[in-house]
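Engineer: For the sequence shown, position 110 matches number 110 in the working numbering, and the numbering has no gaps at all.
Hint data in this document are derived by calculation from the structure and do not stem from the laboratory.
A couple of the hints might just be wrong.
Unchecked claim - Capping the alpha-carbon separation at 27 Å, the derived lysine-lysine pairs in DSSO-like fashion look like this:
hint, residue 1, residue 2
1, LYS189, LYS204
2, LYS189, LYS152
3, LYS202, LYS169
4, LYS73, LYS245
5, LYS73, LYS115
6, LYS185, LYS169
7, LYS189, LYS202
8, LYS189, LYS169
9, LYS204, LYS169
10, LYS72, LYS185
11, LYS109, LYS169
12, LYS204, LYS246
Said to hold, decoys possible - Between beta-carbon pairs, the in silico distance windows are:
hint, residue 1, residue 2, range
13, GLY58, LYS202, 49 to 59 Å
14, GLY268, ALA85, 43 to 53 Å
15, THR87, LEU244, 19 to 29 Å
Keep in mind that this is a model prediction, so the values were computed, not measured.
Note that beta-carbon positions come from the ideal geometry of N, C-alpha and C, so glycine has one too.
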Amino acid sequence: MRKGLDKLSPEARSIIRAQVTRRSLLVGVGAIGAATFLASCSSNSETAAVTSPKDVGGTVRWGNWTAYLDQKKVDGKRTYPTLNAFTQSTGIDVDYLVDYNDNDEFYGKVQENLKAGNDIGYDIVTPTDWMAARWIRLGYAQEFDASNIPNKGNILDTLANVSFDTGRKYSMTWQSGFAGFGWNKNVIKEDIVSVDQLFSAKYKGRVEVLSEMRDTMGIILQYQGVDISQSFTEDEFMTAIDYLKKMISDGFIRQVKGNDYLEDLANGDAIAVIGWSG
Numbered sequence: 001m002r003k004g005l006d007k008l009s010p011e012a013r014s015i016i017r018a019q020v021t022r023r024s025l026l027v028g029v030g031a032i033g034a035a036t037f038l039a040s041c042s043s044n045s046e047t048a049a050v051t052s053p054k055d056v057g058g059t060v061r062w063g064n065w066t067a068y069l070d071q072k073k074v075d076g077k078r079t080y081p082t083l084n085a086f087t088q089s090t091g092i093d094v095d096y097l098v099d100y101n102d103n104d105e106f107y108g109k110v111q112e113n114l115k116a117g118n119d120i121g122y123d124i125v126t127p128t129d130w131m132a133a134r135w136i137r138l139g140y141a142q143e144f145d146a147s148n149i150p151n152k153g154n155i156l157d158t159l160a161n162v163s164f165d166t167g168r169k170y171s172m173t174w175q176s177g178f179a180g181f182g183w184n185k186n187v188i189k190e191d192i193v194s195v196d197q198l199f200s201a202k203y204k205g206r207v208e209v210l211s212e213m214r215d216t217m218g219i220i221l222q223y224q225g226v227d228i229s230q231s232f233t234e235d236e237f238m239t240a241i242d243y244l245k246k247m248i249s250d251g252f253i254r255q256v257k258g259n260d261y262l263e264d265l266a267n268g269d270a271i272a273v274i275g276w277s278g
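Using the sequences provided together with the hints, build the complete structure.
Structural biologist: Written out as structure tokens, the structure reads:
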């Protein structure tokens, strides 16, 4: 195995061989509430026991990505029509937490409490599929009651039965999208359609790329002529890594960021990005 790739997790190695699509999933979080600490939750254990959620007084706590739900301003305040309709229909309030910025960053924030079986502050979270697979494999996800989710039948056939969650017992598709180029049209008048344009001298130091290597590396691999829908070699992957490192060291890339690249686009710190369509 080529040096560098051997340091990646099994999930990461499988991710870099996958197509560049971003499918985020609703995952019912296990170990919610005043859970009892179990021996299986120790740091030496691979998995933690899952406890049933406690009664949270008719409120569900949902952690999601920025710009991943319809919203509008009412009397100067941000509101979410879909959540309002859900509450009106079910009587369940939603504590909507827009603080999911990066898969590894979020997992690092809650990992210790997950291991210990403690409340992590969320009932529903929205990781990308490969991270959802980790949560499910480690026993951190609570099985859904399908009888309470009639719209589960609306999931596309291609997404209804995935390898990491047979029968969709622990997860359901929330959004699907692609990684691509985004730019400030007030500053950049041309359409950016290639990596060469993105990393041109005139935009040097004002470009950001995603910390989600599945997406950033997928775009670079395609730029280098690699068909990422098929198997590719470790040498091809490390060549793409070397290219990314050079763009960073030569000052073309301002930062490698999670979903908060949106803030930098809005305030002008970045004028072009590798970002998500949704």
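Engineer: Does the beta carbon distance between GLY58 and LYS202 stay inside 49 to 59 Å, or does it fall outside?
Structural biologist: holds (54 Å)
Engineer: LYS189 and LYS204 were given as a pair; does the straight-line alpha-carbon distance stay at or below 27 Å?
Structural biologist: holds (16 Å)
Engineer: Does the alpha-carbon distance linking LYS202 and LYS169 stay inside the 27 Å limit?
Structural biologist: Given pair LYS202, LYS169 is violated - Cα atoms ~49 Å apart, limit 27 Å.
Engineer: Please test the hint of 19 to 29 Å on the beta carbon pair from THR87 and LEU244.
Structural biologist: Because 44 Å falls outside the window, the suggested range is violated.
Engineer: Keeping to a limit of 27 Å between CA atoms, is the pair of LYS204 and LYS169 held or broken?
Structural biologist: Status violated; Cα separation ~46 Å.
Engineer: Is the hinted pair LYS73 and LYS115 satisfied, with a Cα-Cα distance of at most 27 Å?
Structural biologist: violated (39 Å)
Engineer: Taken at face value, is the distance from the CA of LYS152 to the CA of LYS189 at most 27 Å?
Structural biologist: Since the Cα atoms of LYS189 and LYS152 sit roughly 43 Å apart, the hinted pair is violated (cutoff 27 Å).
Engineer: So if I understand the rule, the pair passes when the alpha-carbon distance is 27 Å or less; does LYS189 with LYS202 pass?
Structural biologist: With Cα atoms ~12 Å apart, LYS189 and LYS202 stay inside 27 Å; holds.
Engineer: If you draw a straight line from the CA of LYS189 to the CA of LYS169, is it 27 Å or shorter?
Structural biologist: Violated, at about 47 Å.
Engineer: Hint check: LYS204 vs LYS246, CA-CA at most 27 Å. Holds or violated?
Structural biologist: Holds, at roughly 13 Å.
Engineer: Holds or violated: 43 to 53 Å for the Cβ distance of GLY268 and ALA85?
Structural biologist: violated (35 Å)
Engineer: Keeping to a limit of 27 Å between CA atoms, is the pair of LYS109 and LYS169 held or broken?
Structural biologist: holds (25 Å)
Checked against the numbered hints listed earlier, the structure breaks hints 2, 3, 4, 5, 6, 8, 9, 14, 15; every other hint is satisfied.
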